[in-house]
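**Student:** Top to bottom, those sequences are chains A and B.
Residue numbering for the first sequence follows the working numbering, beginning at 5 and increasing consecutively.
Residue numbering for the second sequence follows the working numbering, beginning at 484 and increasing consecutively.
Hints listed in this document are in silico derivations from the structure and should not be mistaken for laboratory results.
One or more of the hints may lead you astray.
[Unchecked claim] Here are some chain B residues pointing at chain A (derived, C-beta under 8 angstroms):
1) F497
2) V505
3) L520
4) G540
5) L557
6) M561
7) W586
8) A593
[What the hints assert, rightly or not] Each computed DSS-like pair below joins lysine-lysine, with the alpha-carbon atoms no more than 30 angstroms apart:
9) B:K486 to B:K564
10) A:K185 to B:K564
11) B:K559 to B:K580
12) B:K564 to B:K545
13) B:K559 to B:K545
14) A:K126 to A:K261
15) B:K486 to B:K578
16) B:K564 to B:K578
17) A:K31 to B:K580
18) A:K119 to B:K564
19) B:K559 to A:K261
20) A:K119 to B:K578
21) B:K580 to A:K185
22) B:K564 to B:K580
23) A:K261 to A:K119
24) B:K545 to B:K580
25) A:K185 to A:K31
26) B:K564 to A:K133
27) A:K126 to A:K54
28) A:K253 to A:K129
29) A:K261 to B:K580
30) A:K261 to B:K578
31) A:K129 to B:K564
Think of the CB as a built atom: it goes at the ideal place given N, C-alpha and C, for glycine as much as any other residue.
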Amino acid sequence: MSNKETNFQFLERFDSRVAELARQAEKYVHTDPDSCMFKLRLMVETMAKKLTSLQMRGDISQDLGAMLGALERSGTVPRRHADCMHAIRRDGNAAVHGSPTPVPTAMRRLREAYKISGWFCKVVKRGSKITLTDFHPPAPPVPLDTTTETLHLRIDELEESIEQRRSATRESLLMFGPQEKIEEVSRRIIEELQALDNVAAAAGEPVIDADFVALVMAMDLEQIEEDPRHGGDSRQARREAEQQLDSIKQHLAEREKAFLVERTFLLEQRNTL
Amino acid sequence: MSKSEQIQLATLWFLSARAMAVAGEDMPTVQEAATGLYAQAILGFSEEVCLEAKDAGHISNKTLIDCLSGVQQLPKEMAEKILTGVMMISYADRKMKPLEVRWASMLASAINMTPDDFQRCCVNARVIASMLRPQGSAA
Numbered sequence: 005m006s007n008k009e010t011n012f013q014f015l016e017r018f019d020s021r022v023a024e025l026a027r028q029a030e031k032y033v034h035t036d037p038d039s040c041m042f043k044l045r046l047m048v049e050t051m052a053k054k055l056t057s058l059q060m061r062g063d064i065s066q067d068l069g070a071m072l073g074a075l076e077r078s079g080t081v082p083r084r085h086a087d088c089m090h091a092i093r094r095d096g097n098a099a100v101h102g103s104p105t106p107v108p109t110a111m112r113r114l115r116e117a118y119k120i121s122g123w124f125c126k127v128v129k130r131g132s133k134i135t136l137t138d139f140h141p142p143a144p145p146v147p148l149d150t151t152t153e154t155l156h157l158r159i160d161e162l163e164e165s166i167e168q169r170r171s172a173t174r175e176s177l178l179m180f181g182p183q184e185k186i187e188e189v190s191r192r193i194i195e196e197l198q199a200l201d202n203v204a205a206a207a208g209e210p211v212i213d214a215d216f217v218a219l220v221m222a223m224d225l226e227q228i229e230e231d232p233r234h235g236g237d238s239r240q241a242r243r244e245a246e247q248q249l250d251s252i253k254q255h256l257a258e259r260e261k262a263f264l265v266e267r268t269f270l271l272e273q274r275n276t277l
Numbered sequence: 484m485s486k487s488e489q490i491q492l493a494t495l496w497f498l499s500a501r502a503m504a505v506a507g508e509d510m511p512t513v514q515e516a517a518t519g520l521y522a523q524a525i526l527g528f529s530e531e532v533c534l535e536a537k538d539a540g541h542i543s544n545k546t547l548i549d550c551l552s553g554v555q556q557l558p559k560e561m562a563e564k565i566l567t568g569v570m571m572i573s574y575a576d577r578k579m580k581p582l583e584v585r586w587a588s589m590l591a592s593a594i595n596m597t598p599d600d601f602q603r604c605c606v607n608a609r610v611i612a613s614m615l616r617p618q619g620s621a622a
């Protein structure tokens, strides 16, 4: 692809601001990958704002992470695209906070932004027919020397390994495995539950007091905690659960920091090569 | 506990949790993520164990009867933790459908839980559900 061409021409008729940011990101990918990430992050933020205004009601926080979370929870953004958008947000934030972005990382995010853009157009204008052709990576302004090419390959391998580790973390947290057909499994479970329900009802098995369940759900948490029957246990449970949750969250945050350190270390090798 | 025992236990957890989530009809992402978070933070499973537990070889041939039978054989403390987590899944959307009540009832019966113990699990589940609910989402 020559310097004057763009992968994002199709975006212009759907959202000129997003198209402009995409083109700028594309322009900077080789010469200033940090700026490329700023532009991509802004592009994703612009998309997220447009999607929340079009698809969601109520007050949505303008924080990008919160917006993406809300869009994902509402089903507006599919999980695969949300992952890509979060990756751009994360790397954009890292660049803003001084962590250098390697060219292969910026290129990877640019490619992801391209895929998201095709989907975005279909959402903002329903019925739009967008057929994305292959992404053409922008050519570097000057051909890369062998040393830089080798370094880029190593960084790309590292990025791939980081993606895999992130993906494993994410998959481990979800209810269904990646190979499972959720609708099929859900249907089977419902059939089983209904059969068990019929058997239990026929056998006259007592049902847990549904009124009590409704009561617990309706009560304010503070009231429950103040109840002398539960007070100690609830407070203790909260303390323990908070500690455990914090340790997991801290573990995940530390892993993200470690990813950045690995990447920065590799990028610094350029100076020693 | 050996790794294979941990995987077996994690499989029981994911089966119980998804039965409750499916019984609730809607399945918002928060419930999905809460399942794994609970598995790792409260039940103490590693990422690897969680992944393996959801592997087809472990989970796809198990029915809810197997799940009830497995829960029945657990030590009381662990069984209560599983029931608490299942109730947390149920509370995530603050609604309870008849099949959710039935599934909770079956699990409670399988582990011979007294009404007092069940109430305690409900309260703890409610506490944890309130912590996992993300900012800005509907109550």
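**Student:** For each hint, tell me whether it holds in the structure or not.
**Tutor:** Against the structure, the hints come out as follows:
no.: 1; hint: F497; verdict: holds, 7 angstroms
no.: 2; hint: V505; verdict: holds, 5 angstroms
no.: 3; hint: L520; verdict: holds, 6 angstroms
no.: 4; hint: G540; verdict: violated, 10 angstroms
no.: 5; hint: L557; verdict: violated, 19 angstroms
no.: 6; hint: M561; verdict: violated, 15 angstroms
no.: 7; hint: W586; verdict: holds, 6 angstroms
no.: 8; hint: A593; verdict: violated, 11 angstroms
no.: 9; hint: B:K486 to B:K564; verdict: holds, 19 angstroms
no.: 10; hint: A:K185 to B:K564; verdict: holds, 28 angstroms
no.: 11; hint: B:K559 to B:K580; verdict: holds, 26 angstroms
no.: 12; hint: B:K564 to B:K545; verdict: holds, 21 angstroms
no.: 13; hint: B:K559 to B:K545; verdict: holds, 22 angstroms
no.: 14; hint: A:K126 to A:K261; verdict: violated, 35 angstroms
no.: 15; hint: B:K486 to B:K578; verdict: violated, 36 angstroms
no.: 16; hint: B:K564 to B:K578; verdict: holds, 21 angstroms
no.: 17; hint: A:K31 to B:K580; verdict: violated, 54 angstroms
no.: 18; hint: A:K119 to B:K564; verdict: violated, 42 angstroms
no.: 19; hint: B:K559 to A:K261; verdict: violated, 39 angstroms
no.: 20; hint: A:K119 to B:K578; verdict: violated, 37 angstroms
no.: 21; hint: B:K580 to A:K185; verdict: holds, 23 angstroms
no.: 22; hint: B:K564 to B:K580; verdict: holds, 22 angstroms
no.: 23; hint: A:K261 to A:K119; verdict: holds, 27 angstroms
no.: 24; hint: B:K545 to B:K580; verdict: holds, 24 angstroms
no.: 25; hint: A:K185 to A:K31; verdict: violated, 41 angstroms
no.: 26; hint: B:K564 to A:K133; verdict: violated, 50 angstroms
no.: 27; hint: A:K126 to A:K54; verdict: holds, 13 angstroms
no.: 28; hint: A:K253 to A:K129; verdict: violated, 38 angstroms
no.: 29; hint: A:K261 to B:K580; verdict: violated, 42 angstroms
no.: 30; hint: A:K261 to B:K578; verdict: violated, 38 angstroms
no.: 31; hint: A:K129 to B:K564; verdict: violated, 47 angstroms
Violated hints for the displayed structure, listed by number in ascending order: 4, 5, 6, 8, 14, 15, 17, 18, 19, 20, 25, 26, 28, 29, 30 and 31.
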